[in-house]
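Go by the hints and put chain X onto chain E.
Line order of the protein sequences matches chains E and X. Residue numbering for the first sequence follows our numbering, beginning at 1 and increasing consecutively. Residue numbering for the second sequence follows our numbering, beginning at 1 and increasing consecutively.
Just to be clear, a hint being listed does not mean it is correct.
Intra- or inter-copy, both count: the list cannot distinguish identical chains.
Below are the EDC-like pairs computed for lysine to aspartate or glutamate, each with C-alpha atoms no more than 16 Å apart in a straight line [what the hints assert, rightly or not]: (1) K46 with E29; (2) K234 with E207; (3) K291 with D156; (4) K245 with E150.
Worth flagging that the hints you see were computed from the coordinates, not collected in a lab.
Letter by letter, the chains look like this.
Protein chains: 2
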Amino acid sequence: MKKVVAGIDIGGTITKYGIVDMEGKLCSEGSVSTTTYKDVEKYLDKLTGAIKSLLDESSEELELAGIGVGAPNANYYSGSIEYAPNLNWQGVIPLASHLNARFDVPVAITNDANAAAMGEMMYGDARNMRDFIVITLGTGLGSGIVVNGELVYGNDGFAGELGHVNVVNDGRHCGCGGRGCLETYVSATGIKRTVYELLARRTEESELRKIPFDELSSENISKSADRGDRIAIKAFEMTGRILGKCLADVVALFSPEAIFLLGGLSKAGDHIFIPTREYMEKNLMKIFRGKVKILPSGLGNTNAAIIGAAGLIRRELVDSGEL
Amino acid sequence: MKKVVAGIDIGGTITKYGIVDMEGKLCSEGSVSTTTYKDVEKYLDKLTGAIKSLLDESSEELELAGIGVGAPNANYYSGSIEYAPNLNWQGVIPLASHLNARFDVPVAITNDANAAAMGEMMYGDARNMRDFIVITLGTGLGSGIVVNGELVYGNDGFAGELGHVNVVNDGRHCGCGGRGCLETYVSATGIKRTVYELLARRTEESELRKIPFDELSSENISKSADRGDRIAIKAFEMTGRILGKCLADVVALFSPEAIFLLGGLSKAGDHIFIPTREYMEKNLMKIFRGKVKILPSGLGNTNAAIIGAAGLIRRELVDSGEL
Numbered sequence: 001m002k003k004v005v006a007g008i009d010i011g012g013t014i015t016k017y018g019i020v021d022m023e024g025k026l027c028s029e030g031s032v033s034t035t036t037y038k039d040v041e042k043y044l045d046k047l048t049g050a051i052k053s054l055l056d057e058s059s060e061e062l063e064l065a066g067i068g069v070g071a072p073n074a075n076y077y078s079g080s081i082e083y084a085p086n087l088n089w090q091g092v093i094p095l096a097s098h099l100n101a102r103f104d105v106p107v108a109i110t111n112d113a114n115a116a117a118m119g120e121m122m123y124g125d126a127r128n129m130r131d132f133i134v135i136t137l138g139t140g141l142g143s144g145i146v147v148n149g150e151l152v153y154g155n156d157g158f159a160g161e162l163g164h165v166n167v168v169n170d171g172r173h174c175g176c177g178g179r180g181c182l183e184t185y186v187s188a189t190g191i192k193r194t195v196y197e198l199l200a201r202r203t204e205e206s207e208l209r210k211i212p213f214d215e216l217s218s219e220n221i222s223k224s225a226d227r228g229d230r231i232a233i234k235a236f237e238m239t240g241r242i243l244g245k246c247l248a249d250v251v252a253l254f255s256p257e258a259i260f261l262l263g264g265l266s267k268a269g270d271h272i273f274i275p276t277r278e279y280m281e282k283n284l285m286k287i288f289r290g291k292v293k294i295l296p297s298g299l300g301n302t303n304a305a306i307i308g309a310a311g312l313i314r315r316e317l318v319d320s321g322e323l
Numbered sequence: 001m002k003k004v005v006a007g008i009d010i011g012g013t014i015t016k017y018g019i020v021d022m023e024g025k026l027c028s029e030g031s032v033s034t035t036t037y038k039d040v041e042k043y044l045d046k047l048t049g050a051i052k053s054l055l056d057e058s059s060e061e062l063e064l065a066g067i068g069v070g071a072p073n074a075n076y077y078s079g080s081i082e083y084a085p086n087l088n089w090q091g092v093i094p095l096a097s098h099l100n101a102r103f104d105v106p107v108a109i110t111n112d113a114n115a116a117a118m119g120e121m122m123y124g125d126a127r128n129m130r131d132f133i134v135i136t137l138g139t140g141l142g143s144g145i146v147v148n149g150e151l152v153y154g155n156d157g158f159a160g161e162l163g164h165v166n167v168v169n170d171g172r173h174c175g176c177g178g179r180g181c182l183e184t185y186v187s188a189t190g191i192k193r194t195v196y197e198l199l200a201r202r203t204e205e206s207e208l209r210k211i212p213f214d215e216l217s218s219e220n221i222s223k224s225a226d227r228g229d230r231i232a233i234k235a236f237e238m239t240g241r242i243l244g245k246c247l248a249d250v251v252a253l254f255s256p257e258a259i260f261l262l263g264g265l266s267k268a269g270d271h272i273f274i275p276t277r278e279y280m281e282k283n284l285m286k287i288f289r290g291k292v293k294i295l296p297s298g299l300g301n302t303n304a305a306i307i308g309a310a311g312l313i314r315r316e317l318v319d320s321g322e323l
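Bound-form chain E, shown alone (with noise of 0.2 Å):
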């Protein structure tokens, strides 16, 4: 019987799974909607379902040795989502528990880019790095952040909440129920809001006036930015200097060696890297100049953050003798 863990990564529109072997390899992985089910019951039988459908449907006999899940404004210290404000369910789901008494084998949960950044610190191009901050650019935006070889989980476990960061005052409305927080400008979302922003204010043609709200996509942006439309760039420049005057300022209270993005808006590349890194430069202080990386996933930009979840466990099963 060969040894496996389970990494989720439960997005604000997707979740991902995946079986990860001892080595960090990625054997099968599928997908559900995070959406579809308001029921958080019926959304994890699911879950359950398919998960077991993958470990049955191996050529090799496996064996799961635990279940590792990233999930946004997931509790460490409690194994539990605790009101997050991109998932259907509100309030406190005990997801640890509900998942330990469906697969019978132990279960550790954090916010999904505290487990991006676990992938990225065991297995991706964070291995050798002691300080660094991984920012998950999806629906919204999440960060994990590692200092001193660990990751940053706070008093109360809710450490990381980079996406509800001030960057504009009286700003646009949060899922959070504040305003001007930073996911509201640098994610797949917010570079949506941008892109209407920009349409209802300036008077340019643009291919992006095609498409209505719910159809718009980071990735349409991006493809429309490849094809030199004013308004996607303008857009993109927009995001990468809010983006990058805000890690200007998260770089002087951790002075990190490197800062990676990760997740849906970081596919657009040079698009995002470039501006991101040029206002961050820009902005940083004089110590800090031209010392800081930023980076993609060294994982690839889909499993990171399965293979980190799986990570999580894979840490936790070896720290308490049990792998």
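Then chain X, alone, in the frame of chain E:
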């Protein structure tokens, strides 16, 4: 021979130093001006003489085991003060080796706020905390951040520059070359600038109209506020609002158990603590509300940084087996 260490707290205006015993008790202390000496060697000659006098004048025979220093922009890794905007000495000052040459004992240096955080952790009110932040409100604003029971130095030793996080776009000019940095609003100097801005903008009578800028201090602004001076009260309220709002962002990143406010401006007590608490709570994400304490130093206002610097070298000596 009784073993002791020396703690040195280099502030933008005054350098305080003291002899500290192995229990963290300050046995004797003194101070010299930081600003009088344009040449760092002359400054260190003066300081060295003063510390040697303290040792000689003791009734017991003392053996100096090491020296700990807290100073602006001090780098723990390199032992240097590097590009400190609030000091006379420009460029890179190899302070640890200068002091080692004069005393022939081990020297450890870090920024003044990190030293204060070390003091709070070893001897003060953070003894049972793993995640907390110390903010020093002196000539500038420094921060010492503790995560998982360890100081955050970052990749290059310069982490914790909360004073240079941007809080106002194109705001006040800062000694670091930037604009709108937190310390230009929230520090002993920052509140003076706020008072002058208010005196320029508003028409109320105020006893502060009689004091020239160079004679104004957070202490006399605090006394005016005690007497009900509306400009002074308004200045504290504005200072606490900017600090509280910024701390809400800091909590989102670190989720600390407590934030300690130290240094000159913190002596104003309720004038600064009440609006800071109020505006932090108002701006916190829901998940953090009511959880984070804002506290004065547990070591008294005057000596936390000296005792902290002493604690820094003491921990070094213990770790290296010399104590």
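Checked hints:
1. K46 with E29: Answer is within: at 15 Å inside a copy they meet the 16 Å cutoff, but 68 Å across does not.
2. K234 with E207: Only inside one copy: K234 and E207 sit 14 Å apart there, 51 Å across copies, limit 16 Å.
3. K291 with D156: Classified as between: cross-chain Cα gap 9 Å, same-chain 31 Å, threshold 16 Å.
4. K245 with E150: neither (26 Å within a copy, 28 Å between copies)
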